[in-house]
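Novice: Here is what each chain is made of, one letter per residue.
There are 2 protein chains.
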Amino acid sequence: MSKKVSFEQSTGPVIILVRPQMAENIGMVARAMMNCTLSELRLVTPRESPLCAKAVAASSGAQEILEHSQIYENLSDALADVHFVLATTARPRDMTKPVFHPEKALSFCQKHIQNGEKVAILFGAERTGLENEELVPANGIIEIPLNPKHCSLNLSQAVLLIGYTWFRATSDRDNTHLAMGGSQPATQEAVQTFLTHLEQELDIRGYFHWPEKRERMQRNLRNIFIRANLTAAEIKTLYGIIADLQRPPRLKK
Amino acid sequence: MSKKVSFEQSTGPVIILVRPQMAENIGMVARAMMNCTLSELRLVTPRESPLCAKAVAASSGAQEILEHSQIYENLSDALADVHFVLATTARPRDMTKPVFHPEKALSFCQKHIQNGEKVAILFGAERTGLENEELVPANGIIEIPLNPKHCSLNLSQAVLLIGYTWFRATSDRDNTHLAMGGSQPATQEAVQTFLTHLEQELDIRGYFHWPEKRERMQRNLRNIFIRANLTAAEIKTLYGIIADLQRPPRLKK
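Chains H and E are the protein sequences, given in the same order. Heads up: take any position in the first sequence, counting from 1, add 9, and you land on the numbering used here. Heads up: take any position in the second sequence, counting from 1, add 9, and you land on the numbering used here.
Residues from chain E that keep clear of chain H, each with C-beta distances beyond 10 Å, as calculated:
| hint | residue |
| --- | --- |
| 1 | 20 |
| 2 | 93 |
| 3 | 106 |
| 4 | 108 |
| 5 | 125 |
| 6 | 199 |
Listed next, with one range per pair, are the computed distances between beta-carbon atoms:
| hint | chain 1 | residue 1 | chain 2 | residue 2 | range |
| --- | --- | --- | --- | --- | --- |
| 7 | E | 54 | H | 224 | 55 to 63 Å |
| 8 | E | 124 | H | 142 | 49 to 57 Å |
| 9 | E | 252 | H | 124 | 33 to 41 Å |
| 10 | E | 90 | H | 158 | 22 to 30 Å |
If you're looking for bench data, these hints aren't it; they were derived computationally from the structure. It should be emphasised that the depicted structure is a prediction, and the values quoted were computed from it without experimental measurement. Built from N, CA and C at the ideal position, the CB exists for glycine as well.
Using the sequences provided together with the hints, build the complete structure.
Specialist: Below, the structure is given as structure tokens:
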């Protein structure tokens with residue numbers, strides 16, 4: 010039933026598998042992606058190679074997606090050129106993030122893509138899902154609505170449902186778009202660099218002086234700015250604010 | 010991630026697998042059904058038992074669906090008490106039948122079920138699909154829209170997409186929300202008070218020193234924080250940051 014097709018780069022979201030454990034799942038993800046016209050696959054520290062025999066067999070004709078897949082040593086690198094990130098998760102997290110069902114989420118993705126942005130969707134490891142710190146860079150969470158008493162999905166099935174929702178959303182097009190007021194969205198790299206700068210400026214002033222709270226404080230702080238979907242110009246504004254807040258007052262109120 | 014749940018007969022369509030070849034697929038079909046609150050599984054001459062170890066392992070907690078499944082010697086027997094039948098197929102057939110996409114098909118199913126009828130959806134064997142004579146009893150065909158260059162689906166994935174469409178159609182709850190991680194959203198007043206404080210702190214340091222730009226700078230600044238839908242706790246965090254950024258550095262970087 011399957012056959013090799015010529016590789017076409019899709020305009021759809023990049024699929025990022027974080028720490029996938031089984032080669033078969035990587036192959037089945039590639040197959041599900043090709044079913045849904047998605048083509049760009051990124052893998053963060055996969056345990057097995059996407060080109061091993063098991064992965065290729067499971068891809069069932071979608072080998073070219075495996076051949077074009079990219080491997081990264083960490084999630085930040087995998088996200089460096091991405092503008093808008095959504096993360097899939099089954100269990101609720103202790104974190105303030107907007108949560109979308111797939112139709113809504115993919116319709117947002119489409120708007121960002123139409124706007125020229127690179128969009129990625131994160132999927133965690135088979136048993137454990139995404140770790141809390143892997144959710145931090147996400148602009149939002151996708152929750153796939155399923156039987157609340159039995160919502161465990163195989164990794165490739167989760168990708169299939171998201172991919173299918175993408176395919177369905179883009180086969181009936183609408184021309185809604187996100188008004189950007191002429192400005193460019195910031196890259197993940199620019200956001201990360203800004204956040205690191207902010208943390209350093211706070212750190213040298215003793216902001217993180219309880220070591221046991223540091224990680225949580227850092228995560229909460231990052232969530233605030235990541236949720237804002239900052240533009241490149243806004244990042245400049247924020248650098249300006251940080252610099253100016255450090256100056257002594259010079260004007261009377 | 011999966012756990013055993015008490016068996017509940019669903020009101021959804023009966024899933025009928027015709028000549029399934031692999032026990033793993035039967036198990037994975039049961040899992041996909043349970044994900045989507047479907048419960049009634051019928052098997053026409055399966056090659057392996059739905060209760061063999063491989064099927065049970067693949068069902069990943071949906072064993073009760075396997076235990077309650079019924080085996081039939083032919084399709085007519087499996088359909089004897091059914092009122093409305095839809096068949097899934099990948100390739101076009103030389104046959105005059107209405108063809109529906111899944112949303113439409115499941116919405117028909119729902120109407121028939123509300124009408125007190127028993128509804129079934131047929132899935133063919135893994136490689137060959139349904140034979141032409143197995144399509145004859147069907148009131149209509151479901152065609153799952155996918156990449157025309159690569160539309161082969163694993164049996165359980167086809168059941169999952171149909172089941173998910175059923176679940177989405179019948180549990181029409183929009184789950185978009187902001188996950189708050191236990192914290193409270195900030196009131197408008199708290200946000201405004203914070204923004205005024207930030208602007209005052211910036212103002213006395215000369216941040217707004219071009220009067221003609223002041224209004225625009227203020228608006229841009231406010232947009233950043235308003236778009237973040239801040240929580241009450243985050244507002245406290247931001248006050249802390251502003252205070253701390255004004256302190257002299259006291260630690261080495």
